[in-house]
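> Those protein sequences? They're chains P and V, same order as listed. Under this note's numbering, think of the first position of the first sequence as 14, with each following residue one higher. Under this note's numbering, think of the first position of the second sequence as 95, with each following residue one higher.
Simulated from the structure, these hints should not be mistaken for laboratory data. The beta carbon of each residue, even a glycine, is placed where N, CA and C say it ideally should be. Fair warning: there could be bad hints in the mix.
Derived DSS-like pairs: lysine-lysine, alpha-carbon spacing no greater than 27 Å straight-line [claimed, not checked]:
no. : chain 1 : residue 1 : chain 2 : residue 2
1   : P       : 112       : V       : 474
2   : V       : 601       : P       : 31
3   : V       : 583       : V       : 601
4   : V       : 606       : V       : 583
5   : P       : 31        : P       : 256
6   : V       : 591       : V       : 606
Here are the in silico distance ranges between beta carbons for each label pair [as the list claims (entries may be wrong)]:
no. : chain 1 : residue 1 : chain 2 : residue 2 : range
7   : V       : 156       : P       : 90        : 35 to 43 Å
8   : P       : 53        : V       : 240       : 50 to 58 Å
9   : V       : 246       : P       : 96        : 41 to 49 Å
10  : V       : 304       : P       : 114       : 51 to 59 Å
11  : P       : 53        : V       : 570       : 32 to 40 Å
12  : V       : 364       : P       : 94        : 47 to 55 Å
13  : P       : 438       : V       : 375       : 31 to 39 Å
14  : P       : 141       : V       : 601       : 42 to 50 Å
15  : P       : 438       : V       : 510       : 48 to 56 Å
16  : V       : 583       : P       : 300       : 58 to 66 Å
17  : V       : 340       : P       : 90        : 29 to 37 Å
18  : V       : 248       : P       : 440       : 45 to 53 Å
19  : V       : 246       : P       : 97        : 41 to 49 Å
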Amino acid sequence: MVRTGSVDAGEMSANLLKESGPREVFCGLTSIVWLHRRMPDAFFLVVGSRTCAHLIQSAAGVMIFAEPRFGTAILSERDLAGLADAHDELDRVARELLKRRPEIRTLFLVGSCPSEVIKLDLARAAERLNEELQGRVRVVNYSGSGIETTFTQGEDGALAALVPLLPASDARQLLLVGTLADAVEDRLIHLFSKLGIETVRSLPPRQSSELPPVGPGTTVLLTQPFLTETARLLRDRGATVLKAPFPLGAEGSRRWMEAAAANFQCPEASVREVLDPLEARARIALAPHREVLAGKRIFLLPESQLELPLARFLHRECGMELVEVGVPYLNREQMVEELALLPDGTTVVEGQHVERQLDRVRAGRPDLVVCGMGLANPLEAEGITTKWSIELVFSPIHGIDQAGDLAELFSRPLHRRQLIHPALHPTPSDHPVHA
Amino acid sequence: MELTLWTYEGPPHVGAMRIAASMQGVHYVLHAPQGDTYADLLFTMIERRGQRPPVTYTTFQARDLGGDTAELVKRHVQEAADRFQPDALLVGESCTAELIQDQPGALAQGMGLPMPVVTLELPAYSKKENWGAAETFYQLVRGLLKQTVPPQPNHDVKAWKQEGRRPRVNLLGPSLLGFRCRDDVLEIQRLLSLHGIDVGVVAPLSAGVKDILRLPQADLNVCLYPEVAESSCSWLERNFGIPFSKTVPIGMGATHDFLVEVHALLGMAPPEAAEGYQRSRMPWYSESVDSTYLTGKRVFIFGDGTHAIAAARICSEELGFTVVGLGTYSREMARPVRAAAKRLGLEALICDDYLAVEAAMAEAAPELVLGTQMERHSAKRLGIPCAVISTPMHVQDVPARHSPQMGWEGANVIFDAWVHPLMMGLEEHLIGMFRHDFEFVDGHQSHLGHQGGAGAENGTEVSNEIDSHHEASSGQLVWTADGEAELKKIPFFVRGKVRRNAESYAKEVGCKEISSETLYDAKAHYKA
Numbered sequence: 014m015v016r017t018g019s020v021d022a023g024e025m026s027a028n029l030l031k032e033s034g035p036r037e038v039f040c041g042l043t044s045i046v047w048l049h050r051r052m053p054d055a056f057f058l059v060v061g062s063r064t065c066a067h068l069i070q071s072a073a074g075v076m077i078f079a080e081p082r083f084g085t086a087i088l089s090e091r092d093l094a095g096l097a098d099a100h101d102e103l104d105r106v107a108r109e110l111l112k113r114r115p116e117i118r119t120l121f122l123v124g125s126c127p128s129e130v131i132k133l134d135l136a137r138a139a140e141r142l143n144e145e146l147q148g149r150v151r152v153v154n155y156s157g158s159g160i161e162t163t164f165t166q167g168e169d170g171a172l173a174a175l176v177p178l179l180p181a182s183d184a185r186q187l188l189l190v191g192t193l194a195d196a197v198e199d200r201l202i203h204l205f206s207k208l209g210i211e212t213v214r215s216l217p218p219r220q221s222s223e224l225p226p227v228g229p230g231t232t233v234l235l236t237q238p239f240l241t242e243t244a245r246l247l248r249d250r251g252a253t254v255l256k257a258p259f260p261l262g263a264e265g266s267r268r269w270m271e272a273a274a275a276n277f278q279c280p281e282a283s284v285r286e287v288l289d290p291l292e293a294r295a296r297i298a299l300a301p302h303r304e305v306l307a308g309k310r311i312f313l314l315p316e317s318q319l320e321l322p323l324a325r326f327l328h329r330e331c332g333m334e335l336v337e338v339g340v341p342y343l344n345r346e347q348m349v350e351e352l353a354l355l356p357d358g359t360t361v362v363e364g365q366h367v368e369r370q371l372d373r374v375r376a377g378r379p380d381l382v383v384c385g386m387g388l389a390n391p392l393e394a395e396g397i398t399t400k401w402s403i404e405l406v407f408s409p410i411h412g413i414d415q416a417g418d419l420a421e422l423f424s425r426p427l428h429r430r431q432l433i434h435p436a437l438h439p440t441p442s443d444h445p446v447h448a
Numbered sequence: 095m096e097l098t099l100w101t102y103e104g105p106p107h108v109g110a111m112r113i114a115a116s117m118q119g120v121h122y123v124l125h126a127p128q129g130d131t132y133a134d135l136l137f138t139m140i141e142r143r144g145q146r147p148p149v150t151y152t153t154f155q156a157r158d159l160g161g162d163t164a165e166l167v168k169r170h171v172q173e174a175a176d177r178f179q180p181d182a183l184l185v186g187e188s189c190t191a192e193l194i195q196d197q198p199g200a201l202a203q204g205m206g207l208p209m210p211v212v213t214l215e216l217p218a219y220s221k222k223e224n225w226g227a228a229e230t231f232y233q234l235v236r237g238l239l240k241q242t243v244p245p246q247p248n249h250d251v252k253a254w255k256q257e258g259r260r261p262r263v264n265l266l267g268p269s270l271l272g273f274r275c276r277d278d279v280l281e282i283q284r285l286l287s288l289h290g291i292d293v294g295v296v297a298p299l300s301a302g303v304k305d306i307l308r309l310p311q312a313d314l315n316v317c318l319y320p321e322v323a324e325s326s327c328s329w330l331e332r333n334f335g336i337p338f339s340k341t342v343p344i345g346m347g348a349t350h351d352f353l354v355e356v357h358a359l360l361g362m363a364p365p366e367a368a369e370g371y372q373r374s375r376m377p378w379y380s381e382s383v384d385s386t387y388l389t390g391k392r393v394f395i396f397g398d399g400t401h402a403i404a405a406a407r408i409c410s411e412e413l414g415f416t417v418v419g420l421g422t423y424s425r426e427m428a429r430p431v432r433a434a435a436k437r438l439g440l441e442a443l444i445c446d447d448y449l450a451v452e453a454a455m456a457e458a459a460p461e462l463v464l465g466t467q468m469e470r471h472s473a474k475r476l477g478i479p480c481a482v483i484s485t486p487m488h489v490q491d492v493p494a495r496h497s498p499q500m501g502w503e504g505a506n507v508i509f510d511a512w513v514h515p516l517m518m519g520l521e522e523h524l525i526g527m528f529r530h531d532f533e534f535v536d537g538h539q540s541h542l543g544h545q546g547g548a549g550a551e552n553g554t555e556v557s558n559e560i561d562s563h564h565e566a567s568s569g570q571l572v573w574t575a576d577g578e579a580e581l582k583k584i585p586f587f588v589r590g591k592v593r594r595n596a597e598s599y600a601k602e603v604g605c606k607e608i609s610s611e612t613l614y615d616a617k618a619h620y621k622a
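Just need the whole structure built from these sequences, with the hints factored in.
Next up, the structure:
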């Protein structure tokens, strides 16, 4: 492992390391699983291989009853050998699809590893299809390939592809960027209005055809820590992107909302009036989980990019000890607020050598490991309690009101082990249990 | 380019993973980008495995492509060899690596590793998972045994008689992510042992490299799953002269035929014909009066070749169902499935588009669907009872209890698993009949409890869907009020079919109005 220095912010400093090797992470295509649910009038067409199709269906875990709003245009030998023009083929598949699904308003052409390697120009394809469809359906493209993107980065690509399409407006507004559960979004909008911020919009919107405007009057709050490229493009469109901890946990969410309040010059007293009781209530909701989690040691494997904000929350609000915090990649600028809130000397490892990292897990004997689904059962079988990271991108965990639920995601596996372990692993005894 | 929404099979390298993960002491280095590691969760989540599949992914990234990806491959091969010290190393590539042509197998062969290295070439843009599994198993068997191939096959299948020992067979084909393989192996071992036949090697499931080396010591190979083992069995036959049995023992008739075939090949006296009746409850359960109502139940079957063919035989010959649709997604098995369909007077559906399968299912208007997890979802949408008989499967299709498909116990399991959803369909009908009784509590759908309850509405919704769909298509035909009332008395799961029959009958005889009388006329017409 290579030491890449430490980040000093105030009195805190994290110990930043980097390693490379075999990785156990999803690629960016996986984010389609939640993106397509957010925008029911959008379709995600991956241009790739059978592996891509199999990946998304396996990551989705269960099949959805209805015909899904994502699919794969599977490249065949004919496409690769040049026997068929891949562009003609793609046009044909897109036409076929749109005929079948007339309700679709936005078609995302999603690049994959094979389409990137053969340099299939999806931007050109999107342009061509846009011309043909004449505004009936908007076609955009981005890459979710594993050679370029990790898991949640796919959402960054999808949102970045939408930024050029956002209408321009100078109007004063708050723009929440990153997929939120609908209920969480409603709640946050309500809270912002109580703070005095009237116009709150979201990217991605609930309907892909109702894109929010952007311009110099726009203040952006990122709801997720993996939207680097989207944030850059929004800045280019004149928006102000606020720096704040991410809205996970009561503290992070409060500081996130306060950043917006300050930007909108909401009176401090009224901000306190709204947020103080919420925070107090969150502390009550957190208390039972803190009881389970405090003093326990946690190891976060790299996957969703949520690892740093989660580590901050679990340490500061739940009293957990951080053994190691893995991140797939580290954008220091975007994470500076989070890094500053980590305890002194926290080991933050960027990248992965999965075998060496698992050696460290075994050596460190943490009480809880946050990891992907490929690793969870094998670690459980070794007696190590785990929490799947993919659940964190599907569950409504953002905002002050969700702090208790977020903590519960971590306390539940520990609580469960406590419940069933004694009966399932009885200690040898001379006395029958029911004697 | 082909539009795919849900796929029945993964790419061929997932088939290779199934072989590697099934075995002991075999490691697979897969030249693949980040993200392809998703395949691990098939094993750890669907099969609930407590071990990671023995796979090292080179996880190359875009920035590696400009540089030396060959060096990256060698580094990962060396690390895997050092860390896991496998008895054999499989080296191959996934779809993306196939495009950059690093030839990882050749690279690994040249590294002077202490263990045998088997190169896998699995064309990802033309082949699929089951083919990949078969090819991997074949390459491994061939790679490990080719040095011991005799100049002339000199195998004596009856050698056990001279050697004064029990006959010995290998069970080939069971693998992880196969359908109920774990339990089938136990069942077939038990069955053969009852007949004084020993099992030498089971492979690939739980086999090590040493076991593969012992394969030629058996008198006979038993090909349990042709999708995975047929190519290996043929190679062993061609090169060592070891014959193999071809009957897959799923169902009463097939289990009997399997025993007859194995006994004949081994030169043993044929088994008792009555054995199945004595050892399985299935035949009596099917004969008992309670099962009378199963007669002629319309069944739609779709799955991998092996399980679809077996299901068709069981349904038509052992349960007295009427098979109204038969198909498979495995193109490799198209020929035997077509033959099985032809015997039933059907045309086989060879297709890997689940929407086309769903359309065929709706068209056939079955009362029971036997399929994969795809058909389970389609059947649920159409409100038709369903049992899963084949991969692809869901975690719930890997039960904790012993539930084989093969052998005498397998027949018992099948009877329960296939008849149970039908009884539930009947219950639904009874609920409909008693709906107007004052004791009836609305929302009582006991059998839907395990599916989350919302399915009840699905049933009615879908029958409406079928109804309205056909109203649109029937054009000038008019249903009279009493015709509609009569139609409503028919159980929802056959209502669509009855409506269609009545309409085509009406068109045939040139009648514009469909009354209750027309319905009865049509009924008589189609039964005749």
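> Could you run down the list of hints and mark each one as holding or not?
Consistency of the hints with the structure:
Distance check on the hinted pair: residue 112(P) and residue 474(V) sit about 25 Å apart at the alpha-carbon level, within 27 Å; holds. Annotation: proposed proximity of residue 601(V) to residue 31(P) is violated, straight-line Cα distance about 75 Å (limit 27 Å). Between residue 583(V) and residue 601(V) the CA atoms are separated by roughly 23 Å; this keeps the pair inside 27 Å, and the hint holds. With a CA separation close to 22 Å, the supplied pair residue 606(V) and residue 583(V) stays within the 27 Å bound.
A C-alpha spacing of about 24 Å is found between residue 31(P) and residue 256(P), which places the hinted pair at or below 27 Å, so the restraint holds. Pair hint residue 591(V) plus residue 606(V) holds up; C-alpha atoms about 19 Å apart against a cutoff of 27 Å. In this structure the supplied range 35 to 43 Å is violated for residue 156(V) paired with residue 90(P), their Cβ-Cβ distance being about 24 Å. With their beta carbons about 56 Å apart, residue 53(P) and residue 240(V) fall inside the hinted range of 50 to 58 Å.
Separation of residue 246(V) from residue 96(P) is about 44 Å and conforms to the stated range, judged on CB atoms against 41 to 49 Å. The supplied range of 51 to 59 Å is met by residue 304(V) and residue 114(P), whose beta-carbon atoms lie about 54 Å from each other. For the pair residue 53(P) and residue 570(V), the beta carbons lie near 37 Å from each other, so the given range of 32 to 40 Å is met. A hinted range of 47 to 55 Å holds for the C-beta pair residue 364(V) and residue 94(P), which are about 53 Å apart.
About 36 Å separates the C-beta atoms of residue 438(P) and residue 375(V), a value consistent with the hinted range of 31 to 39 Å. With their beta carbons about 46 Å apart, residue 141(P) and residue 601(V) fall inside the hinted range of 42 to 50 Å. Look at residue 438(P) against residue 510(V): about 32 Å separates their beta carbons, and that is not inside 48 to 56 Å. With their beta carbons about 60 Å apart, residue 583(V) and residue 300(P) fall inside the hinted range of 58 to 66 Å.
Separation of residue 340(V) from residue 90(P) is about 31 Å and conforms to the stated range, judged on CB atoms against 29 to 37 Å. For residue 248(V) paired with residue 440(P), a C-beta distance near 58 Å fails the hint of 45 to 53 Å. A beta carbon spacing of about 48 Å between residue 246(V) and residue 97(P) agrees with the range 41 to 49 Å that was offered as a hint.
Figure legend: structure checked against the earlier numbered hints; hints not met, in rising order: 2, 7, 15, 18.
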